[in-house]
Amino acid sequence: MSTITTEELSATTLLRFATAGSVDDGKSTLVGRLLHDSKSVLADQLEAVERVSAGRGQDTPDLALLTDGLRAEREQGITIDVAYRYFATPRRRFILADTPGHVQYTRNMVTGASTAELTVILVDARNGVVEQTRRHAAIAALLRVPHVVLAVNKMDLVDYREPVFAAIAEEFTAYATELGVPEVTAIPISALVGDNVVEPSAHMDWYGGPTVLEHLETVPVSHDLTRCHARLPVQYVIRPQSPEHPDYRGYAGQIAAGAFRVGDEITVLPSGRSTTVTGIDLLGEPVDVAWTPQSVTLLLADDIDISRGDLIVPAEDAPATTQDLEATVCHVADEPLTVGHRVLIKHGTRTVKAIVKDIPSRLTLDDLSLHPHPGRLTANDIGRVVIRTAEPLPADTYADSRRTGSFILIDPSDGTTLTAGMVGESFASPDPVDDETDDDGWDF
Amino acid sequence: MTTVATVEEGTDSPYALSHLDALESEAVHILREVAGEFEKPVILFSGGKDSIVMLHLALKAFAPAPVPFALLHVDTGHNFPEVLDYRDRTVAKHGLRLHVASVQDYIDRGVLKERPDGTRNPLQTVPLTDTIREQGFDAVFGGGRRDEEKARAKERVFSLRDEFSQWDPRRQRPELWNLYNGRHAPGEHVRVFPLSNWTELDVWQYIARENIELPQIYYAHEREVFKRAGMWLTAGEWGGPKDGETVEKRLVRYRTVGDMSCTGAVDSDADTIEKVITEIAASRLTERGATRADDKLSEAAMEDRKREGYF
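As you go down the protein sequences, you meet chains A and B in turn.
Take 102 as the starting number for the first sequence in my numbering and just add one per residue.
Take 214 as the starting number for the second sequence in my numbering and just add one per residue.
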C-alpha cells in the first residue's frame, strides 16, 4: 500500500461479489488469504485473532474469526449471517458478502448474491462437484449473477494435477451453462498455501489464466446500458417552494436500469401519462445523460401528477402493468408462507397489498427436483408463487432487470421480511434464442 | 442475460462509476427512502467526520430543497470545543434544527452515574433512547460503517430497534437488492446507516473530493496530551491526567471524534487532507483499534452496547 496516490485511489471502480462455501471447502481460508495478502487485515485485527486463537489452544491464527462478528458465531465456530468485508487494491475497491454455504443458510446466500456482480463458488479438488456445488451454482443462476468463478481449492492435496482440475471445471461449466449462467471462470488454487489466490502458483505451470484477485480486479463491472430498459422508481418529490425556487419540482430516485437523456419522451406508470425530460440533476450538477446506479432528480416538461412509488420509463419501452405476478421466491422468514397469505409487496419504491394465490412448486436446489403444490414454503425454501396484487405493478422480468424484476413480501402484522421474489422464469435459457417454445429449459 | 456481452474483458465500460460515485449514489438512495417512508427521521450528528459526511449527503440528496430531517447530538459533556463550535456553525449555516440530549443532565439528576474510569461513551445510550422516545423519532440515521468493528459488520442498513431501542441480531431482516424494509410497530424505530458500505479511506477520499470542512482536530496540531492505556488523551477537567500520568506537548491528530475521555489522538504530522489520506492508506491499525478505549473493554464490547441501544 506504499506508493498509491490519492488520485489513483479515487479513480477505482467498485466490485460487489459474494462467496459461498463452508469451512470444509476452505472458504474462510480463501477469504482470509484475500484480505491478508491484499494487506487489508490490519495489525490490531490480526493480533486480536491471534490472541483468541491462542486462548483456544490453536497453533495458527484462525482467520475465520475475522469475519465471525457475533458472540454466538464465535462461540459456535460458525458463520450465521452475511458478513460484509471491505478491501481495496490499487485497481479496485471490493465489497465482499461472505455467506455460509450449508442448505439451512440458503437465505443468506440469496441475500449476498442479490447485489453481487460476481460469485466465487468453492469446491474441494478431492471431492469435485458435489450437491452443495450444484446448489451454489443454482443460486447464482437464479439470482442472475453475471460472473461466476469456480475456485477449485486444495490443489496441493491432489499433487497439482491438471486432469483433476480440468475434469471438475468441465463438469461444473456444463452444469452452470445449462442453468443459464453466462460466464464461468475456473481457477485452480490452494488457499492454504496461497497458490493462484493473489500470487500466481509456482506449482501449476499448466495454468495460464488469472489468479483469483487478478480476475476480481479486471472483470467488467458494468454493462452495455444501451441494451437495457431505462427505469427510474420515484423515491421522493423535491419541491422547495422557496423564494429562490418557487416552481422547482423534481422527481428524485436511483436509476434502476439503463440510461435517461434530456429530451427523452417518458411515461409515468401506473398512470400512463407521458411527457418529456427537460433536465437531469445529478446531485447538484446538471447533466445531459445519467445511468444506473446513479441517484438523480428528473425535471419534466409537464406538471403531471407523480408521486413516490411511480415508475418513470421511456415512452416507447414501457413494461406492462399487471396485478398477477408469477415469480420464483426464496423464503427468508422463520414463519412459513402459505397459500392465501395476505402480505405487502414492495416493488421498487411502491408497497401495495397482495395475496399469495398459489404455490405451484417447491424446488430442491441440490438436484433441481420439483415438488408440486407444497402448500407452504418454509425458511430457505425456493419455490414458485402466484401473487395477486391490490394495484397494478409495472414489473419487468428479473431476467431483464434485476432491480425492477425483484420484490420482497412483507408481513403486514409485524413488518417481517418474508420472501424475496424474482418475476418470471427461474433460470435463463442456456441458448440465447432457440425457437418459439419457451418451456423446455429449466423452468419449473 | 444481456450483460457484458459486448464489453471487452478487463476493461470497464464508460458507464462504470467510480467507487466514490457508487457509494454516494447508494447513500443518497438510502436517505431518500427514509424521507419517503418515515414520519419523523433524525440524523445523529456528533460533529465527527462520518456524521459530517452523512449531513453533506443529505444536503445533496434534497437540494435545492432543505434537508427534511432534524439533527440530534448526544452531548457527553466531554466534547472537544472545536467540535461544538463546528456543530453550531453548521446548524446555523444550513438553517437546521438541532436537538441536544445531555449526558451531564442525566448525571446531575442522578439518573446516570459517572463511571470510575471517567468514560462517558457508554452513558450516551440512555439519553439517546429517551430522546428518541420522547420526540417520537421513527428513523434515526447513524454514521456507523460496517468496516469499523466486527459486530457492525453484521449490521443492516435498516436496523430495527424495539421500544427499548434494543438490537437483536437474530431479529434483523435480510436485505436483498436495494429493497429496504422500514416497517415498524408503534414505539419501535429503525436505525439507518447510509455509510454502511464505506471504509475510513472512502470517507476521507470523499471529504477531499467534495472539499468538506472538518473540525480542525482531525488535522495534525500541537496539543497537551498524556498517555493512558497506550493512547494519547487530551488533558482536561473530565479526569486526566491522574497520578503518575504526565502531560506533554505533542504533534497529534484525531482519527475519530467521540467523548474526550476515551478518544485517543495519534502521533501525526498530517496537516492536510492529502497527507491524512496517505497516512490512512499506509496505517497498520484500524481507527477504532488505534483510538477507542471503549471498544477494548471486551471481545464483544460493541455487540453488547449495540444490543442495549447504542449507535
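Derived by calculation from the structure, the hints in this document are not laboratory data.
Quick caveat: nothing in here was measured; it's all calculated off a predicted structure.
Virtual Cβ for every residue (Gly too), placed ideally from N, Cα, C.
Keep in mind that a hint or two might mislead.
Claimed, not checked - Below are the EDC-like pairs computed for lysine to aspartate or glutamate, each with C-alpha atoms no more than 16 Å apart in a straight line: (1) A:LYS140 x A:GLU300; (2) B:LYS462 x B:GLU437; (3) B:LYS455 x B:GLU426; (4) A:LYS140 x B:GLU492; (5) B:LYS273 x A:GLU386; (6) B:LYS273 x A:GLU300; (7) A:LYS140 x A:GLU386; (8) B:LYS253 x B:GLU401; (9) B:LYS306 x B:GLU426.
Said to hold, decoys possible - Cβ pair distances, simulated, as ranges: (10) B:ARG346 x A:ASN228: 53 to 61 Å; (11) B:ARG346 x A:ASP467: 41 to 49 Å; (12) B:PRO277 x A:THR498: 36 to 44 Å.
message: Hints numbered earlier in the text: which of these fail when held up against the supplied structure?
response: Hints 3, 6, 7 are the ones this structure does not satisfy, whereas the remaining hints hold.
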